[in-house]
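Asks: What follows is the residue order along each chain.
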Amino acid sequence: MHHVVVERWSRGASPLHGLDARSKMGALLAFLVAVSTTPPRAQLAFLAYAALVVAAMAASRLPLGGLVRRAALVLPFSATFALITWWSGQPLRAAALGETSFLSGLAALLLIATTPLAQLLAALETLGAPRILILVVQFLYRYLFVISEQAQHMRLAAHSRLGAAGARGLRFDAAAGALGVLFARSWERADGIYHAMLARGFTGRFSPAVHPHFHPADAVFFAAVLAACAGIRLVA
Amino acid sequence: MHIPDGFLSPAVWATLDVLSVPAAGWMAHRAQSDTEDRRIPLMGVMGAFVFAAQMINFPIPLGTSGHLVGGALLAIVLGPAAASVVMTSILAVQALVFQDGGIMALGANVINMAIGGILAAWVPYRLWGARWRSAAIFTSGLLSVLVSASLALAQLALSGMPMPRRLLLVSLGLFAASGVLEGAITLAAVRAIERLNPGWVRTPAKAGSRMAGVVAVAAVLVAAVGILVGSAAPEVLEHLAASFGVTAHVPAWLHAPLADYEWKGLDSAWLRRASAALTGLALIYGACALAGRLLARQRSA
Amino acid sequence: MRAARVIEVRGLRYRYADGTQALDGIDFHLEAGECVALLGANGSGKTTFVLHLNGLLEGEGSVEVCGLPVRKDTLADVRAKVGLVFQDSDEQLFMPTVLEDVAFGPANLGLGPQQAAERARKMLEQVGMASVIHKAPYHLSAGEKRRVAIAGVLAMQPEVLVLDEPTTFLDPPAQRELARLLASLPQAKLIVTHDVEFARSLASRAVFFERGRIAGEGAVDEIIQRFDWRPRF
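Protein chains in written order, with our numbering: chain L, 1 to 236; chain V, 1001 to 1301; chain P, 2001 to 2233.
Chain L on its own, in the form it takes in the complex (with noise of 0.2 Å):
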């Protein structure tokens, strides 16, 4: 399944990996905002971007044909833009679309591919996210899989249940019901979490979570990262 990958890339080591999340949320972001700024004609720096990329990819030590795949999902919905950019004229407009597209989506990929949910969690949190968000996120993953397992097992005792009327799946107020159950045991679930936290002493507050540490290569990564693409983009 494709979040298993993405999910296993990130638990690896590299020393992208090793970096703080807030340092390669601003170098992604300080990217994004230069390569989106990038005036169309200014092709050499789109391919000055791009050496930066590949720079990353290749410290993060992650395969790079899957990186580059996962990235070009997204490239065909840029390109009928740029297809259509193309035809109207503006054939440099197009390539600029095309390539802010690709290099934006590739950048992004590899903050999520390099970093694991908890990590971007507790940056957010530094960054001012609020904590209530933060912690349905963190039990919303928690009990994501458990939970869709369960939806798959009903799913499938439904459907060996169905024969020959079962084409098309469950009918209308059948699913209803599937849901409705699914539902119930979700709720008596958070019921069963609940006693569990009150049993451990829970007091009606969560404690605040534990900060990381910002280190000097971080810092370091981020300013070199900044400087390249405040560097390319003035040149541009």
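Since the hints were derived computationally from the structure, they do not count as laboratory data.
Small disclaimer: the values here were computed from a predicted structure and weren't measured.
Don't be surprised by glycine CBs; every beta carbon is placed ideally from N, CA and C.
Hints may contain errors.
Label pairs and their calculated CB-CB ranges [what the hints assert, rightly or not]:
id : chain 1 : residue 1 : chain 2 : residue 2 : range
1  : V       : T1064     : L       : A51       : 39 to 49 Å
2  : L       : L47       : V       : W1200     : 54 to 64 Å
3  : P       : G2043     : V       : G1173     : 53 to 63 Å
4  : V       : P1164     : L       : A50       : 26 to 36 Å
5  : P       : T2020     : L       : T126      : 30 to 40 Å
6  : P       : F2233     : V       : R1195     : 32 to 42 Å
Beyond 10 Å from chain V on every Cβ pair, some chain L residues (computed) [stated by the list, open to error]:
id : residue
7  : R22
8  : S36
9  : A51
10 : S78
11 : S160
A few chain L residues facing chain V, derived, Cβ under 10 Å [said to hold, decoys possible]:
id : residue
12 : I84
13 : L117
14 : V136
15 : F145
16 : D173
17 : L179
18 : Y194
19 : V210
20 : V220
21 : R233
22 : L234
Start from chain L and add chains V and P according to the hints.
Replies: Structure of chains V and P alone, referenced to chain L:
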């Protein structure tokens, strides 16, 4: 309805990313203040439930099937602020873990689905849920999809996506069908849930004035669709206006700023379009805020 | 010797919201270091009873933990003394990683993040789960989850361990591991179980529940015999 990366122009997705921060933050603040931390696991589990529920297929005519989107169900079960936080979490996990829906387009998706969609679902239920329950629940599902989809299409149009009239009409038709499906599924789901335990579904307060409700809902809908049409096919609006004999009487100062969807005063083209987008969104927020104030007055009455 | 009784229940009654009498006058005691098995049919009130021991449910009658009456103002202390291991490990392990989950209890007791993590590490070592410290609970097997749950409860340094159907979903090797682990722990133990062999290997005494009452109490073998509780096919 999720907008992937590569569809929106940088001006549009960047603006929406910036706008979504205070919007989502405000919803989180509201959720935090009217919820104890004990509800947080429930909210997370409900988010996981919505994900999983999307695997259950509902057969529809034409031999295909649809699934629950979930915004309306969340709003009805958890209330608007908590539902908004849960929806935002769902979108975040979809973008960051599954890369479904763009990472840069996350702000746009949050505004369309976690803010617009949830509020559009809450208003009918809040106003009519006590007396015209089934109709209210159905409308919640319908509006939630219509508003989210219209906002998304408007953003695409603003990003320069070519929008011939036929495509626009087909899109609107598809949105309507999708909305009807969501309304039906949401209604069936709420009924099934209530059969198991009526306590799980929030009861809306006493019915508010029907008129205020109609006005609020209409405002939200008109704003969303209006922006969509205005951004994509301004000539459609002008044509409509002409057929009502209105153009001649529209004052120049009202006509000029919005008609071509650009503020003349600003220089750079993308800045103009971005401010147009901002204005459009401000209209939506204004409509929702108005609805909110009307509701508040009803409550205290 | 009353002082050595870690759990003392007298005349406990509890009625569900729909009116059914779930518990109808329970008298029960547990001594320090003792291991007691709770047997009985499904729906006989075993789990309902156990939820009263740490105040998750409140009924009529008296429940005392290490001499403390279980009341609203003593809940924090009671919950530190009674460690409840739930039947569903997925509901018990609700944090994103094993370490964070085991540290949850100590953190609630007031330990700082470093100390809580330290204690969590020690407990995980004690149950043999030090290798999965950073894993997400979703990736653990049923047996591993059970042991992590026990670590999470041990981290509160309780006097009593209460386990609700701990062998659920465990294969025989995992069941043996669990029995070995529990036998090595000095705390008093109350084990709700259908697994007769498991009960025999660990418990010195058995209590038999029937429709909300205790129908019999005595040596494990004796109770199994009296109520014909051994599965025979």
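Asks: Double-check L/L179 for me: the hint is only fine if its C-beta lies closer than 10 Å to a C-beta in chain V.
Replies: 5 Å, holds
Asks: How does the Cβ-Cβ distance of V/T1064 and L/A51 compare with 39 to 49 Å: does it lie in that range?
Replies: This hint holds: roughly 46 Å between Cβ atoms.
Asks: With 10 Å as the threshold, tell me whether L/S36 passes as away from chain V on beta-carbon distances.
Replies: 3 Å, violated
Asks: Have a go at the L/D173 hint: is there a Cβ in chain V nearer than 10 Å to its own Cβ?
Replies: 7 Å, holds
Asks: Does the claim that L/S78 lies outside the interface with chain V hold up, using a Cβ gap greater than 10 Å?
Replies: The claim is violated: L/S78 sits with its nearest Cβ about 4 Å from chain V, within 10 Å.
Asks: Is the hint on L/Y194 kept, meaning its closest Cβ partner in chain V is under 10 Å away?
Replies: 6 Å, holds
Asks: Interface hint check: L/V136, Cβ to nearest Cβ on chain V, cutoff 10 Å. Holds or violated?
Replies: 5 Å, holds
Asks: Can the hint on L/I84 be confirmed by a CB-to-CB distance to chain V that is less than 10 Å?
Replies: Holds: closest Cβ of chain V sits about 6 Å from L/I84, inside 10 Å.
Asks: For L/S160, which was marked as not at the interface, is the minimum beta-carbon distance to chain V over 10 Å?
Replies: 15 Å, holds
Asks: Does the no-contact call for L/A51 survive, Cβ to all of chain V over 10 Å?
Replies: 21 Å, holds
Asks: Does L/R233 meet its interface restraint, that is, does its C-beta lie within less than 10 Å of any C-beta in chain V?
Replies: Violated - the Cβ of L/R233 stays beyond 10 Å from chain V, reaching only about 13 Å at its closest.
Asks: Under 10 Å, Cβ to Cβ, is where L/L234 needs to be relative to chain V, so tell me if that hint holds or is violated.
Replies: 18 Å, violated
In terms of the numbered hints stated before, the structure departs from hints 5, 8, 10, 19, 20, 21, 22, listed from lowest to highest.
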